[in-house]
Amino acid sequence: MDVNLVPLLPAVQVLVTALVVTLRDLFIKDGESRGVLAFYSLVGLGLAAAEVFFLLGGRQEGAFNDSYMLDRFALFFALIFILAAALTILSAIDYVRQTGMREGEFYALILFATVGMIVMAAANDLMVFFLGLETMSIAVYVLTGMWRSNGRSSEAAMKYFLMGAFATGFLLYGIALIYGATGSTNLAQISAYLLDQPSEWPVYLIGGGFLLLIGFAFKVGAVPFHFWVPDVYEGAPTPVTGFMSVAVKAAAFAAWARILLYKLSPLDNDWVFPLWIIAIATMTLGNLLAITQHSIKRMLAYSSIAHAGYLLIPIVVGVEWGGLPLLFYLLAYSFMTLGAFAVLTSMTEGDESKDGYSDFAGLGFKRPFLALAMALFMLSLAGFPPLAGFTGKFYVFRSAVLSGHLNLAIIGVLNSLLSVIFYLRVIVAMYMEEGGAAGKSFRQAPFVYIAVAIALLGTIYLGILPADALDWSRRAFGSLE
Amino acid sequence: MIALHNYLILSAVIFSIGVIGVLIRRNLIVVLMSIELMLNAVNLTFIAFSRYLGSTDGQVIVFFVMAVAAAEAVIGLAIIISVYRHRQSLDPQEMQLLKW
Amino acid sequence: MDTASFIFYLLATLLVIASLLVVFLRNVVHCAMALVTALLLIAVMFVTLHAPMLCVLQVMVYAGAIMVLFLFVIMFLNPGALEQQRGLWWGFGTLLAMMLAGVLVPLVATSDLPADPVAATELFGSPEMLAKSLFSDYVLPFEIASVLLLVAIIGAVVLAKREN
Numbered sequence: 008m009d010v011n012l013v014p015l016l017p018a019v020q021v022l023v024t025a026l027v028v029t030l031r032d033l034f035i036k037d038g039e040s041r042g043v044l045a046f047y048s049l050v051g052l053g054l055a056a057a058e059v060f061f062l063l064g065g066r067q068e069g070a071f072n073d074s075y076m077l078d079r080f081a082l083f084f085a086l087i088f089i090l091a092a093a094l095t096i097l098s099a100i101d102y103v104r105q106t107g108m109r110e111g112e113f114y115a116l117i118l119f120a121t122v123g124m125i126v127m128a129a130a131n132d133l134m135v136f137f138l139g140l141e142t143m144s145i146a147v148y149v150l151t152g153m154w155r156s157n158g159r160s161s162e163a164a165m166k167y168f169l170m171g172a173f174a175t176g177f178l179l180y181g182i183a184l185i186y187g188a189t190g191s192t193n194l195a196q197i198s199a200y201l202l203d204q205p206s207e208w209p210v211y212l213i214g215g216g217f218l219l220l221i222g223f224a225f226k227v228g229a230v231p232f233h234f235w236v237p238d239v240y241e242g243a244p245t246p247v248t249g250f251m252s253v254a255v256k257a258a259a260f261a262a263w264a265r266i267l268l269y270k271l272s273p274l275d276n277d278w279v280f281p282l283w284i285i286a287i288a289t290m291t292l293g294n295l296l297a298i299t300q301h302s303i304k305r306m307l308a309y310s311s312i313a314h315a316g317y318l319l320i321p322i323v324v325g326v327e328w329g330g331l332p333l334l335f336y337l338l339a340y341s342f343m344t345l346g347a348f349a350v351l352t353s354m355t356e357g358d359e360s361k362d363g364y365s366d367f368a369g370l371g372f373k374r375p376f377l378a379l380a381m382a383l384f385m386l387s388l389a390g391f392p393p394l395a396g397f398t399g400k401f402y403v404f405r406s407a408v409l410s411g412h413l414n415l416a417i418i419g420v421l422n423s424l425l426s427v428i429f430y431l432r433v434i435v436a437m438y439m440e441e442g443g444a445a446g447k448s449f450r451q452a453p454f455v456y457i458a459v460a461i462a463l464l465g466t467i468y469l470g471i472l473p474a475d476a477l478d479w480s481r482r483a484f485g486s487l488e
Numbered sequence: 120m121i122a123l124h125n126y127l128i129l130s131a132v133i134f135s136i137g138v139i140g141v142l143i144r145r146n147l148i149v150v151l152m153s154i155e156l157m158l159n160a161v162n163l164t165f166i167a168f169s170r171y172l173g174s175t176d177g178q179v180i181v182f183f184v185m186a187v188a189a190a191e192a193v194i195g196l197a198i199i200i201s202v203y204r205h206r207q208s209l210d211p212q213e214m215q216l217l218k219w
Numbered sequence: 475m476d477t478a479s480f481i482f483y484l485l486a487t488l489l490v491i492a493s494l495l496v497v498f499l500r501n502v503v504h505c506a507m508a509l510v511t512a513l514l515l516i517a518v519m520f521v522t523l524h525a526p527m528l529c530v531l532q533v534m535v536y537a538g539a540i541m542v543l544f545l546f547v548i549m550f551l552n553p554g555a556l557e558q559q560r561g562l563w564w565g566f567g568t569l570l571a572m573m574l575a576g577v578l579v580p581l582v583a584t585s586d587l588p589a590d591p592v593a594a595t596e597l598f599g600s601p602e603m604l605a606k607s608l609f610s611d612y613v614l615p616f617e618i619a620s621v622l623l624l625v626a627i628i629g630a631v632v633l634a635k636r637e638n
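Which chain is which? The protein sequence lines are R, F and E, in order. With the first letter of the first sequence counted as 1, position 287 gets the number 294 in the working numbering; the numbers rise by one all the way through. With the first letter of the second sequence counted as 1, position 79 gets the number 198 in the working numbering; the numbers rise by one all the way through. With the first letter of the third sequence counted as 1, position 20 gets the number 494 in the working numbering; the numbers rise by one all the way through.
Be a bit skeptical, because a hint or two may be false.
Stated by the list, open to error - With a Cα cut of at most 20 angstroms, we get these calculated EDC-like pairs of lysine to aspartate or glutamate: (1) R:K36 with R:E110; (2) E:K635 with R:D32; (3) E:K606 with E:E617; (4) E:K635 with R:E356; (5) R:K373 with R:E356; (6) E:K606 with E:E596; (7) R:K373 with R:E440; (8) E:K606 with R:D73; (9) R:K36 with R:D101; (10) E:K635 with R:E440; (11) R:K373 with R:E441; (12) E:K606 with F:D176.
Hints were generated in silico from the structure; no laboratory data involved.
Assemble the whole structure, with the sequences as input and the hints as a guide.
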């Protein structure tokens, strides 16, 4: 057996950072500043990103009998996770202090979750994937419930945990049936089995695929397994909500793309139609319910469901056309959503979140930069050119048209029009209404500004000059071969 | 000898019983126990396949599932304690976000 | 009916009964006891499937450690009251789960399964064989599992530690 440890580098880098943060935390006395922990975390994430770029230049290879493949696909996603973790930590520095959460553990758990995500994206074996998923999920369950003095945070953690563990049961059952049918959990061997014996598969193999599908649908919050999303997103601390709606979702889609879309693609005849229904239901229901919300945090939760629906379109479309738009849209979605949640995070006063539409009233005159950024994030989420969201949606819908799923493209465009209602409402509140709770005592939060600025740059850059990112997405998906 | 499908049917039944528990119970601890039951049903499937395929992988996988189940139980119980401190109840219907 | 089948059907019946008790008993402590029974029965099943090592682990980890944790939390919180309301929702939930069973059971009750177990060698299911597999083919999952357990430890401390 060959032992090649190089592909583990980014994940181990983040893991070591998490351990350093955890241990360093113990040597800081109560009452002293813990800012150094955030600094360590960001440096560690920066190093990990540098390693990702270094590995992108070299030869990508597998490790541990090819159960771990750090190909371009995995590196692409590793960068998204590192970006999400870094922006989350940046925007959370002040928030964590205000709400009295434990700083060291907060950063460490974000980093541990990132390790799990990188493993998920690189996993070429169902067991490796499963353990990465659990590492990520358990860290995020705890993050959701970390705001100990707030009862809703604990309840959200409880709900997220129950739904997650329930979904884990289905996922694991699916893995068991696939193992039973193919005699292996290694995706290369499973895919070889599927190609070897076309259409002589036992029914429980197809059943296993469906159980896996249910597990994934739970994790990304697709209808009809979406009901936990709004409550959990609302109750979780705001930076954690941003992290969940971007990084956790991206990790689930990464594994979905590699396992179901790519390696198990011979089975996809059986699930294209159900997925088609799920995609349409998810975007439509997400957008319709988002209109009725009064809290921007809850609106963003439903909007995140709707975006899961858009992201399902490339998955329905299939390997041939779907790869590039899926990856590019996830990248664009990451920037705009992280930015929106960073703005929302900065709206915290004391230990109270100000996330109603009325709290945003008049923000355009009080905090011009934050309001402008928020406006651009909303426009991008709604799909206005020339922002990242538009380019992403364009390629998603284009792939649907090119592959002959015209109806999906039409429904997607109609949904985008529908979503303009509630995204514009935020802008109207910020620029055309008076008052708002966020009047006088707004603390300056320099770190949040940096996070917002980075997200804003990404959103505009991907909208105006998408060529590099598109090429990168194409090559990343191509590396799955 | 007993055929493999007997074991598989048994574990499918136990899995479904676990699902009943998750759906109907109003005590968070019992919901967690039902989830453990589901995971155990899956373990039985793994071990049965492992025996009938003559592959040891299934047994090793069950190792990992046990580790995961232990971790989930620990976190679940910690969250239950944390929720209980706020609400003095284990009934999801008496909470704001947990209702369904 | 030969002895092996007899033992299987006996264990299976007891297991189903114990599982139903977990789900339908109203007192939490009784549920926990039923769960311990179910876990022990599964451990016995592991022996009949040539997995002696996992049987031992099942008893020690599940029926031992995890169940003690459950009982500890039950005692700690002492939720005396019995659960209320077994109306419509109970029936509905049970119906849903039975529909699930109606899908799952036919799925696995097919004839294209291997009918007879592969002749087991002396080593099958022994600690040596498992260790060999665990520390060669499965060394990466093993390491990830260690991270997972570390996260769980940190998380449990963060969530359950009393604020001062």
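> R:K36 and R:D101: Cα distance at most 20 angstroms?
Replying inline: Holds, at about 19 angstroms.
>> Hint check: R:K373 vs R:E356, CA-CA at most 20 angstroms. Holds or violated?
In response: holds, 15 angstroms
>> Hinted pair, alpha-carbon criterion (20 angstroms max): E:K635, R:E356. Please report holds or violated.
In response: Roughly 26 angstroms separates the two Cα atoms, so the pair is violated.
> Given the proposed pairing of R:K373 with R:E441, does the C-alpha separation stay at or below 20 angstroms?
Replying inline: holds, 11 angstroms
>> What's the verdict on E:K635 and R:E440, does the C-alpha distance respect the 20 angstroms limit or exceed it?
In response: violated, 44 angstroms
>> Just to be careful, I want the Cα atoms of R:K36 and R:E110 compared with a cutoff of 20 angstroms; is the pair within it?
In response: Measuring from Cα to Cα gives roughly 13 angstroms; hence the hint holds.
>> Checking one constraint from the list: CA of R:K373 to CA of R:E440, max 20 angstroms. Satisfied?
In response: The given pair, whose Cα atoms are some 12 angstroms apart, holds under the 20 angstroms limit.
> Are the Cα atoms of E:K606 and E:E617 separated by 20 angstroms or less?
Replying inline: holds, 15 angstroms
> Quick one, are E:K635 and R:D32 close enough, alpha carbons at most 20 angstroms?
Replying inline: holds, 16 angstroms
> Within a Cα-Cα threshold of 20 angstroms, do E:K606 and R:D73 meet the stated pairing?
Replying inline: holds, 18 angstroms
> Is the hinted pair E:K606 and F:D176 satisfied, with a Cα-Cα distance of at most 20 angstroms?
Replying inline: holds, 11 angstroms
> Would the pair E:K606 and E:E596 pass a check requiring their Cα atoms to be no farther apart than 20 angstroms?
Replying inline: It holds: about 15 angstroms lies between the C-alpha atoms, which stays within 20 angstroms.
In this structure, the hints that do not hold are numbers 4 and 10, in rising order.
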